[in-house]
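Go ahead and model the full structure; you've got the sequences and the hints to work with.
Protein chains: 2
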Amino acid sequence: MPHIASLCANSHRLYTMADHKWTGSVKSLKGVILDMCGVLYDSGEGGGVPISGSVEAVKRLKESDLQLRFCTNETQATREKFVAKLQRMGFELSVSEVFSPAPAAVSILKERGLKPHLLVHDDLVPEFDSVDKMNPNCVVIGDAADKFSYKNLNDAFQVLIGMEKPVLFSLGRGRYYKETDGLKLDVGVYMKALETWQLTTCS
Amino acid sequence: MPHIASLCANSHRLYTMADHKWTGSVKSLKGVILDMCGVLYDSGEGGGVPISGSVEAVKRLKESDLQLRFCTNETQATREKFVAKLQRMGFELSVSEVFSPAPAAVSILKERGLKPHLLVHDDLVPEFDSVDKMNPNCVVIGDAADKFSYKNLNDAFQVLIGMEKPVLFSLGRGRYYKETDGLKLDVGVYMKALETWQLTTCS
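For the protein sequence lines, the chains are B and F, in the order given.
Quick note on UniProt numbering: the first sequence kicks off at 1 and runs consecutively.
Quick note on UniProt numbering: the second sequence kicks off at 1 and runs consecutively.
These are computed hints drawn from the structure, not numbers from a lab.
The reader is advised that the hints may include incorrect statements.
Same chains, same label: a pair holds when it works inside one copy or across any pair of copies.
[As the list claims (entries may be wrong)] Mimicking EDC-like on lysine to aspartate or glutamate, the simulated pairs with C-alpha atoms at most 16 angstroms apart in a straight line are:
#1 K62 x E92
#2 K151 x E179
#3 K184 x D155
#4 K81 x D132
#5 K81 x E56
#6 K81 x E92
#7 K165 x E63
#8 K110 x E97
#9 K59 x E92
#10 K115 x E97
#11 K85 x E97
#12 K178 x D155
#13 K184 x E45
If you want it as structure tokens, here you go:
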């Protein structure tokens, strides 16, 4: 009984759905959750380009009686910046319709009374404005890109090793992704690096 | 039948051995292999300081009929630089008596006809002078310290992912160590990071 469809394929399938040529089983759908990068647009220089047909597909889904939400593992920018980029590409969407890792993490941090040491991209920091970061008792890492320096990783490590029960939140588990100038290591490998020191004591 | 003793404890035990007050079982020893950092000296500002008694202990071992060799996992400098530092501290030792990871790696690289992409400390690079590094077909990482940048890790990753059968040599597996300004992540966690992308394809 699939009431919600989560799409992470490509805009061709998306367009077909939006075209209202649905089979009986698809008619039972109440809503659609769309992945974004690689589904709605391809990342690249200047922020990327929409995938052919995707802007129109989103428009048709919005005009339908389906609930529509967007889900992304993007952690290099706030939702506001991210949505503004997609709007410039022609997509109809608003911040409240987009689900991304940082606001979910903020919600958990507040729920548990945790104060994070952040190792994230500069453009993501504003997502954590409402969170107390004095005397941190956990570490949050995102796709920090150039901020993944030896010094910053040591700083995060020193915060973790100073805790009785180290708590590390990773905003993703991806291992690598493609940019216009080649493949880049993603947050998942840095998460693994920061997990590794715990396997034994100093060796 | 221990014919060689490998010591990685501290200079007190070392001094006791050198003092010739050995039990019967210890008398069967033919040689001694000494760890260095944390056994002969403590690392720190200006290169570190000898541990009390260790200079004299090495002197006595040299005067004995025991074979004496030194073994280290040091990968931030060539053996020449490393030995010069120890000599300045007062230790009697020569380059040929010291076994460290980089020369062992060079030996394996030549034996297998491998050409490395290096992600190592600048001061270690001369150890690899005799190795062809054009069109690399493997990656060698050491304790690169500040050279563990986002860019350099991506470069090493791109070399690895471009190979049909990726080959990664790590000059150590240590997870962290202490310096005067705090704990530092060691090469082992970066090794783990570079291993991680292989667990699945792009995620």
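Cross-check of the supplied hints:
1. K62 x E92: within (8 angstroms within a copy, 79 angstroms between copies)
2. K151 x E179: between (25 angstroms within a copy, 13 angstroms between copies)
3. K184 x D155: Result: close only across copies, 9 angstroms inter versus 22 angstroms intra.
4. K81 x D132: Close neither inside one copy (23 angstroms) nor across copies (47 angstroms); limit 16 angstroms.
5. K81 x E56: neither (22 angstroms within a copy, 65 angstroms between copies)
6. K81 x E92: within (15 angstroms within a copy, 62 angstroms between copies)
7. K165 x E63: Neither, since 50 angstroms and 50 angstroms both go past 16 angstroms.
8. K110 x E97: neither (22 angstroms within a copy, 58 angstroms between copies)
9. K59 x E92: within (7 angstroms within a copy, 78 angstroms between copies)
10. K115 x E97: neither (27 angstroms within a copy, 51 angstroms between copies)
11. K85 x E97: within (15 angstroms within a copy, 61 angstroms between copies)
12. K178 x D155: between (28 angstroms within a copy, 13 angstroms between copies)
13. K184 x E45: within (14 angstroms within a copy, 35 angstroms between copies)
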